[in-house]
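S.K.: Each chain is listed here by its residues.
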Amino acid sequence: MRLRNVYYYIREAFQSILRNSWLSVASVGVVAVSLLILGSSLLLVLNASNVAANLEASVEISLFLKDNTTPAQIKNLEDRLKNTPGVVQVEFVTKQRALEEMKKNLGDNKDILAGLEEKNPLPDAFRIKTQSVDQVVPLAQQLEGLEQVEQVRYGQGVVENLMTFSRWVRTAGMVTMVLLGVAAVFLIATTIRLSVFARRREIGVMKFLGATNWFIRFPFLLEGMFLGLAGSLLAVIVVYYGYFSLIGSIQVSLPFMQLVSDRRLIMPLMEGLLIMGLVIGAAGSMISVHRFLKA
Amino acid sequence: MIHFYNVTKIYPGGIKALTDVTLHIQKGEFVFLVGPSGAGKSTLTKLIYREELPTRGQVLFNGKNVTRMRPREVPYLRRKIGMVFQDFRLLPQKTVFENVAFAMEVTGASGREIKKSVPRVLDMVGLASKAGVFPGHLSGGEQQRVSIARAIVNNPVLIIADEPTGNLDPETSWELMKLFLDINRRGTTIIMATHAQDIVDAMKKRVIELAGGRVVRDEKEGTYRYEA
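Protein sequence lines correspond, in order, to chains L and U.
The first sequence begins at 2 in the numbering used here and counts up by one.
The second sequence begins at 871 in the numbering used here and counts up by one.
No lab work stands behind these hints, which were simulated from the structure alone.
Warning: the hint list may mix true and false statements.
Result set (DSS-like, lysine-lysine): computed pairs, CA atoms no more than 25 Å apart in a straight line [stated by the list, open to error]:
no. : chain 1 : residue 1 : chain 2 : residue 2
1   : L       : 208       : U       : 916
2   : U       : 1075      : U       : 950
3   : L       : 208       : U       : 985
4   : L       : 208       : U       : 950
5   : U       : 986       : L       : 208
Sample of chain U residues lacking proximity to chain L, with all beta carbon distances greater than 12 Å (derived) [to be verified]:
no. : residue
6   : 896
7   : 934
8   : 1046
9   : 1047
10  : 1065
The following label-pair restraints were derived from C-beta to C-beta distances [what the hints assert, rightly or not]:
no. : chain 1 : residue 1 : chain 2 : residue 2 : range
11  : L       : 38        : U       : 878       : 55 to 63 Å
12  : L       : 42        : U       : 886       : 37 to 45 Å
13  : U       : 1009      : L       : 184       : 31 to 39 Å
14  : L       : 20        : U       : 996       : 24 to 32 Å
Every residue, glycine too, gets a C-beta built ideally from N, C-alpha and C.
In isolation and in its complexed conformation, chain L is listed as follows (with noise of 0.2 Å):
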């Protein structure tokens, strides 16, 4: 490509893009629908992927030990569970400090307890976190036949759940972004034909010039790339300004949903969903020059 050509394919570009202005817009709105659509998919499927980690993470295996554990035995069961494979965190929970936190939790009814300090009837117990929730319950299982083990809980069932759920929120949220961008290619193709179908003439006269293929298809690229811009970043503006807006009136009068604010999170998404115009765009323009030029 020559250097000399560029002001031409610009030139170019612009000019079919303002000739055709409504289809230009009509383009543009195109891409900005469907990546809005893809936008506010991708930051559901950010949301229920940040529950579900957050869910992940609070999940923990409770190790209650039996009354007549010494303290060596203790210990060496300590040593024994931070040397697994998997387990990330241990931490022993004695049975005085098991009766504070349900004083806390039980908060202006703690007067139950009273009374229970000098015959605490709970168990020692360890908390075990492990890497990933897959994890729990192979772990659990294996922990139930120590010795000095009372009783192995790890909210039996919730976990298998939770495990099911995320697997499901990944997979759908794949799906949709797969779908969306196929479906937003097409319609890209389809404004874009249009455009080269009302510039057939000009390709013909470009043909029998001697212009090569690249020549007749630059400027067609371009401006699809330029149309999936456009409308991606209009569909950028309103999905990063509808969710900050959302994530602010949420906070006002649903204060316990906790919706994902980190711009560092965000801001490749955003970043993404330009490059998925840009690329659709080209994508579209290709596909629809490509059968002119082999006629």
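Based on the hints, put chain U in the right spot on chain L.
M.R.: Just chain U now, kept in the frame of chain L:
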């Protein structure tokens, strides 16, 4: 310069456009292609600029085998050939100047070269004063002059004209013929498909007559119809 060796062209659907055509055209010649509609005149020209590929046989242009040319070489072949059509094929949204300049832009010519060459050829075809006008505001004859200017601006070695006067009145047709003669005198080969009997008869140029896809007559100083 142009050689056809046993060229047969059958279009999809079995329509036989050319049958076993062998002919040679020298550099600097002025050749009329005559014959009824559907005789294969357009197909013959399309084989030269590789709009179509022959079903059998070989086509050579300037020593290069057009039939075996790779697709990416085709644009460079076409830059050596100026094309003039019955329906002009000008771009309505571009001015006269821009239409002619377009042929140069396509080849990647610089703005300086364009500013130098376009006025020169517009002057040659007598349209220097209409450079800024859109084709829609010109008469048919003037539009065809623009397309001739566009065809010659890249100094082609060959001009292919497919019924260039088909839509024009006799007087205008004659003026255009003078222009083509002028271009031919400068050394450019011209192949012209036409139905204009009086022009062919008066010009006394080589005439190749096609009928049913075969060359039925090839005369040095021929006329439109065969004279026994």
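S.K.: Checking against the hints above, which ones are violated?
M.R.: 12, 13
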